[in-house]
Amino acid sequence: DAGVTQSPTHLIKTRGQQVTLRCSPISGHKSVSWYQQVLGQGPQFIFQYYEKEERGRGNFPDRFSARQFPNYSSELNVNALLLGDSALYLCASSLDLRDYGYTFGSGTRLTVV
Amino acid sequence: SQQGEEDPQALSIQEGENATMNCSYKTSINNLQWYRQNSGRGLVHLILIRSNEREKHSGRLRVTLDTSKKSSSLLITASRAADTASYFCAMFNYGQNFVFGPGTRLSVLP
Chain Y
1 DAGVTQSPTH
11 LIKTRGQQVT
21 LRCSPISGHK
31 SVSWYQQVLG
41 QGPQFIFQYY
51 EKEERGRGNF
61 PDRFSARQFP
71 NYSSELNVNA
81 LLLGDSALYL
91 CASSLDLRDY
101 GYTFGSGTRL
111 TVV
Chain R
114 SQQGEEDPQA
124 LSIQEGENAT
134 MNCSYKTSIN
144 NLQWYRQNSG
154 RGLVHLILIR
164 SNEREKHSGR
174 LRVTLDTSKK
184 SSSLLITASR
194 AADTASYFCA
204 MFNYGQNFVF
214 GPGTRLSVLP
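Chains as they are written, first to last, in the numbering used here: chain Y, 1 to 113; chain R, 114 to 223.
Just so you know, these hints were derived from the structure itself, not from any lab.
A couple of the hints might just be wrong.
To be verified - Here are the computed distance ranges between Cβ atoms for each label pair:
no., chain 1, residue 1, chain 2, residue 2, range
1, Y, S65, R, R173, 39 to 47 Å
2, R, D120, Y, G28, 37 to 45 Å
3, Y, S7, R, D179, 37 to 45 Å
4, R, P121, Y, L39, 14 to 22 Å
Said to hold, decoys possible - Interface residues of chain Y toward chain R, partial, derived using beta-carbon atoms under 8 Å:
no., residue
5, S7
6, S33
7, V38
8, G42
9, G56
10, L90
11, D99
12, Y100
13, F104
The C-beta atom is built at its ideal place from N, Cα and C for all residues, glycine as well.
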């Protein structure tokens with residue numbers, strides 16, 4: 001079985017641009033969560049989606065948005081990129097909203113120049 | 114902002130030695146989980162301990178939880194070079210999902 005798939009693996013963008021990151025969950029998993037990990041720090045929670053609805057949101061500005069599609073894949077969008085948005089963006093999938101069984105993808109490394 | 118703290122920030126040991134990492138947190142939790150991350154890539158789940166448990170074992174891993182002190186520790190016994198990685202504690206609360214600590218960078222020298 002395929003694990004959590006994230007694309008692209010690496011991305012370089014210019015300040016002010018917009019970016020879309022994609023995540024495909026493990027087959028059968030209906031929840032996707034997004035995390036931002038700045039170099040040298042632990043991941044920070046951005047969003048959780050379950051059955052196409054937002055079920056949790058971290059302390060991030062409105063420039064960050066996400067959605068989940070009928071096939072349970074998800075996109076994270078970041079507008080008006082800042083240098084500080086440079087980070088590893090991790091996606092995790094889970095069966096539902098239970099408190100265990102989260103599987104993380106390998107992440108998308110975003111560099112803003 | 115981080116709601117968990119881990120110490121040490123970095124740890125260097127010889128193969129065969131034990132490694133102990135500590136985690137403290139500030140709010141109540143449903144459970145606490147430990148993850149490993151190699152070279153800034155994806156997180157791998159190691160072990161979960163619930164708020165009503167005090168100790169759990171999994172292979173060479175032993176985790177303890179003291180909810181009165183809001184702290185946890187991860188012990189890796191008989192360490193191997195392949196254990197070299199960053200280790201994160203993650204506190205789970207419904208609505209906030211996971212709150213990760215800043216991590217401990219473990220280096221196991223052959």
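Going down the list of hints, with the structure as the test:
no., hint, in the structure
1, S65(Y) <-> R173(R): 39 to 47 Å, "holds (42 Å)"
2, D120(R) <-> G28(Y): 37 to 45 Å, "holds (38 Å)"
3, S7(Y) <-> D179(R): 37 to 45 Å, "holds (41 Å)"
4, P121(R) <-> L39(Y): 14 to 22 Å, "holds (19 Å)"
5, S7, "violated (14 Å)"
6, S33, "holds (6 Å)"
7, V38, "violated (10 Å)"
8, G42, "holds (3 Å)"
9, G56, "holds (5 Å)"
10, L90, "holds (7 Å)"
11, D99, "holds (5 Å)"
12, Y100, "holds (6 Å)"
13, F104, "holds (4 Å)"
In terms of the numbered hints stated before, the structure departs from hints 5, 7, listed from lowest to highest.
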